[in-house]
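Protein chains: 2
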Amino acid sequence: MENKRGVKSKVTFKREGKDVIIPYGKTLLYAAYEGGLSLDATCGGKGTCGKCKVKVRGSVSDPTQEEKAHLSSEELQDGLRLACQARALGDVIVDSINDRASQKILVHGVEEPIIVSPSIQKIYLELPLPSLEDQRSDFQRLKDTLKIRNLVADLEVIQDLPQVLRGNDFKVTAVLKGEELIGVEEGDTTLKSYGLAFDIGTTTVVGTLMNIAHGSQLGVSSGLNGQADFGADVISRINFAKEHPYGLRRLKEKIIEVLNEIINDLLEESKVNRENIYEVVVVGNTCMQHLFLEIDPINLALMPYVSVTKEPMTLKAKDLGISINKAGDVYMLPSIAGFVGADTVAVGLATYLEKSPEVKLVVDIGTNGEILLGSSKKLLACSTAAGPAFEGAQIKYGMRGTTGAIEAFQIHGDDISYKVIDNVPPKGICGSGLIDIMAELLKAGIIDGTGRILSPGEIGPNFRTRIVEGENGYDFVVAPGILLTQGDVRQLQLAKGAIYAGIQILKEVLGTEDDEISQILLTGAFGNYIRKESAKAIGLLPDIPLERIKSIGNAAGVGAKMALLSIKERDRAVELSESIEYVELSNSLKFQEEFMNAMYFSV
Amino acid sequence: MENKRGVKSKVTFKREGKDVIIPYGKTLLYAAYEGGLSLDATCGGKGTCGKCKVKVRGSVSDPTQEEKAHLSSEELQDGLRLACQARALGDVIVDSINDRASQKILVHGVEEPIIVSPSIQKIYLELPLPSLEDQRSDFQRLKDTLKIRNLVADLEVIQDLPQVLRGNDFKVTAVLKGEELIGVEEGDTTLKSYGLAFDIGTTTVVGTLMNIAHGSQLGVSSGLNGQADFGADVISRINFAKEHPYGLRRLKEKIIEVLNEIINDLLEESKVNRENIYEVVVVGNTCMQHLFLEIDPINLALMPYVSVTKEPMTLKAKDLGISINKAGDVYMLPSIAGFVGADTVAVGLATYLEKSPEVKLVVDIGTNGEILLGSSKKLLACSTAAGPAFEGAQIKYGMRGTTGAIEAFQIHGDDISYKVIDNVPPKGICGSGLIDIMAELLKAGIIDGTGRILSPGEIGPNFRTRIVEGENGYDFVVAPGILLTQGDVRQLQLAKGAIYAGIQILKEVLGTEDDEISQILLTGAFGNYIRKESAKAIGLLPDIPLERIKSIGNAAGVGAKMALLSIKERDRAVELSESIEYVELSNSLKFQEEFMNAMYFSV
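Taken in order, these protein sequences are the chains called G and V.
Under this note's numbering, think of the first position of the first sequence as 1, with each following residue one higher.
Under this note's numbering, think of the first position of the second sequence as 1, with each following residue one higher.
Because the hints were derived from the structure by calculation, they are not lab data.
Where is the CB? At the ideal position from N, CA and C, for every residue including glycine.
One thing to keep in mind: the hints can contain errors.
Covered stretches of chain G (in silico footprint by chain V; criterion: 3 or more residues with CB under 8 Å from a CB of chain V, positions within the stretch not fixed) [said to hold, decoys possible]:
1. 7 to 16
2. 150 to 163
3. 306 to 312
The calculated lysine to aspartate or glutamate pairs, modelled on DMTMM-like cross-linking and capped at a C-alpha distance of 25 Å, are [unchecked claim]:
4. LYS316(G) <-> GLU179(V)
5. LYS46(V) <-> ASP229(V)
6. LYS177(G) <-> ASP319(V)
7. LYS316(G) <-> GLU584(V)
Please work from the sequences and hints to get the whole structure.
So this is what it looks like as structure tokens:
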């Protein structure tokens, strides 16, 4: 570097609208830091991580060896450089920083982008060849080139090392997880870096394949949780684990099977190589978390309902039987309490409640119902056993939200209309349809405030023919061969009562009123499809204006993806799991009281 | 604690001869630190590690809960206390600190005691029981009681946790490795803490069982390295690994078999429970290290002789197939270069060369010969392929130093006398016998300076009948049916020449002369038994006064035990592996020249 003491350069960060004056010959990374801009440079500016890419024009130094290792000649021609290597030799304009690393994985209505900073880093290296003058061990050679003094490696990586190095003339890609070398691959494979996010529900498992170098999504696939063969809900599965020899093992194997099937689907679809999947992130309710790890869940079901662990766990995918790269890990998000699991933490990640100045309410209705209430000041969570009714279980003509399910229902004057998924003849009723039907029958006066379906004699002539005698009173004919029974209404009353009462208790503990709730966010396998008008009409949700209620999709799945793409989000998850205060409802007399009241309808 | 502002207490550390004045109510640990005394308190004074035991008299506070957890009532009555808990309420006399933790595991003639501070800690805990008011997870409960915020645990430990906790009323012993929980055991098992140190030689494997809480040795057992079935020396084993399908795997399995047999022997003898063995420390030459870990050793044998790794490695015993506690680890010491292994690092540990102000020479002769030369200023190492001759291989009547081996030999005037191991009729000659015979025959003029065994006509009448014609000239009859052949003499010349030349090269690189060498320490399977007079007589060692030459036993084995008992010794091992400078002899013309000269005898 020429000595030009006293000469200054101006570096203009265009997108950020910032001019920074720095001494001649200083790097653009220096300029960014001087200008208070945050630029991802994991390696600390050594030129090894390749993360601080910038697009530049103007007087900059020639590309260094490190830049040539991280940027193709097209990229260099295109003005791409590493900020830690490129030095300002005059005025420089930085058009963009770190462009591809900032991704928006949004839940509807939440506007925080996340910076892609996965736990896995791939670095391309060209090692000096061994000689009698340079007898460093293979591993030392790699370590020195990586400049990571405390590098450690799995035995398998070490075992493969001599062959991989010599297979491609000592030009290799190191796969790093922090200071752990989890793989070495021949040639430059830096862009082939993938991971999977799984949301393991009691009923459904959803997997998403992502490129964790870019943050782009390659595919989604789902399957039924095969544990359902041994019980539809968590309690029956806990009993199965307890009562059958190898019951726990069998439940674990069922879920692993599903994951592997989903992985196979995603690989086939995307043409991604299995060996390039380095990490799996998993969320689920606490029972699913226990079963997935073959941890006895029995104490979740027994007073005082404690889990074995709520910590985040990192495990070898291989040890669990999950088929990805042999050194790949599985990261399971932490949970909050015995019945508020990693899925709720993931919902917390996706909804940023802990950063909200105003109180928000999140209702997550899947097979179980979890409720989050609070703001940046304080966050509360509780769990109610509300789910099965909404998911169609225990409802006579209930079904999941698939082909043939009545998903919407309306009464206009004397007419009835409904919507069936995929426009086929109706086979049953899914959760959102159920709520619609309830809301409309209440409005039409066919169901009274106590939840009783009126007799034909008590209602108007137009719907009289739809009332038939049933097992526990009268049933309502929704469509040919499909009834809403009196029993169904009772189930729904229990379910909506539990959720409403849970919300009341959280409000009370937090010391807040309905009009202070700035937003209600609905999520979960069911919550996502609900018509908010109907939910409000049946008294599932507090009485706040409709425009403040939002369906935000599968927030748990979004949270899982966020944790896959960013280790900072994992830190947030741990903070959330520790800071969210769990409110136990089972020993609360107040909850019993609220629950009794909330079972009725206000008509 | 009563407030007695300004009041002081005098704490007298009797053994250390130190009085320390501290404020009223401060702990004895505080006093020790104030007095500049080092006291092992791994937990930082929280009362959880139980390491800072002291024996006291005088005015001290009543025992705390923490002390009751770590000390029996007899111990408390006996005046034992935890220095971090006991507070001085007046003058206090501390009779002894940390008594049982200081152990001498010495090599002959080296006088440094080591402080027992193993990587494994066992802590007895009584956890609060779960309730609806205290719904912490099992793991959280344990973690909080241990007061280790970043505690992590293997999945298997978590899986066992609910049963172990509930099996003994939440009174358990935590087994910790740093901040990793590797086991939880019912009841108080703190004193049952064992480990194994292994020295894996090319020919012999030696294992030592130790109580790692106390540092006491429970037993030693050894076995033959079963890899010998596939080749006597490292080069033939490397070839076997290369040329046979699964050759590497088979070599690895052979060595694991031997370790497991030795473990079984030691367990049977000591009545120790396998589950209470938590760690294995392994040293060996680089080739043994590679084979033990199933790492391809081929590049050790090919120019430029690089190893795959020289780092210390920590592995799951389970993954390697070694039968100890299921969560137990294997720690392998680091090595220095392609042919200077962890065994030499262990020799360095045991001999404290890096702390010696004066230059010392260590010659380790096993199946290979390694040489260390230097002082606290600088340390050098090299390796010569000298071993097999000394170990009996390639010597016509050679054998290892077991029953029936001629281990010493003398000529007094016209008489010959020899000593046979176990006083049976002689079956062969072991290394020390071989050197004696050579030395005596040289002195008697039966072998000349070039190494030629003279013809019957050239020597005096008394030994004339002992000279017989052989394949390559004349052979000497040592005992009935046992000959020293001309070929044997040539082998020995090569071997001693290589070692002597290696020493010369190290001297030259270090810039030192014979009279600056304050000590020669002989170690290794062979080195240990050598008569130093004979070694000097045949020109194996530099010409320094006999009283400065010492046999120090199996220094590598001692180093392995030191690393087992103390993580500080492991740090020392890493420092040694990095600071000892390796001198490559294979491309040194100077070495070739020295070697040529050193093959002859000076008579």
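inquiry  = Need the list of violated hint numbers for this structure, in ascending order.
reply    = Hints 1, 5, 7 contradicted; others consistent.
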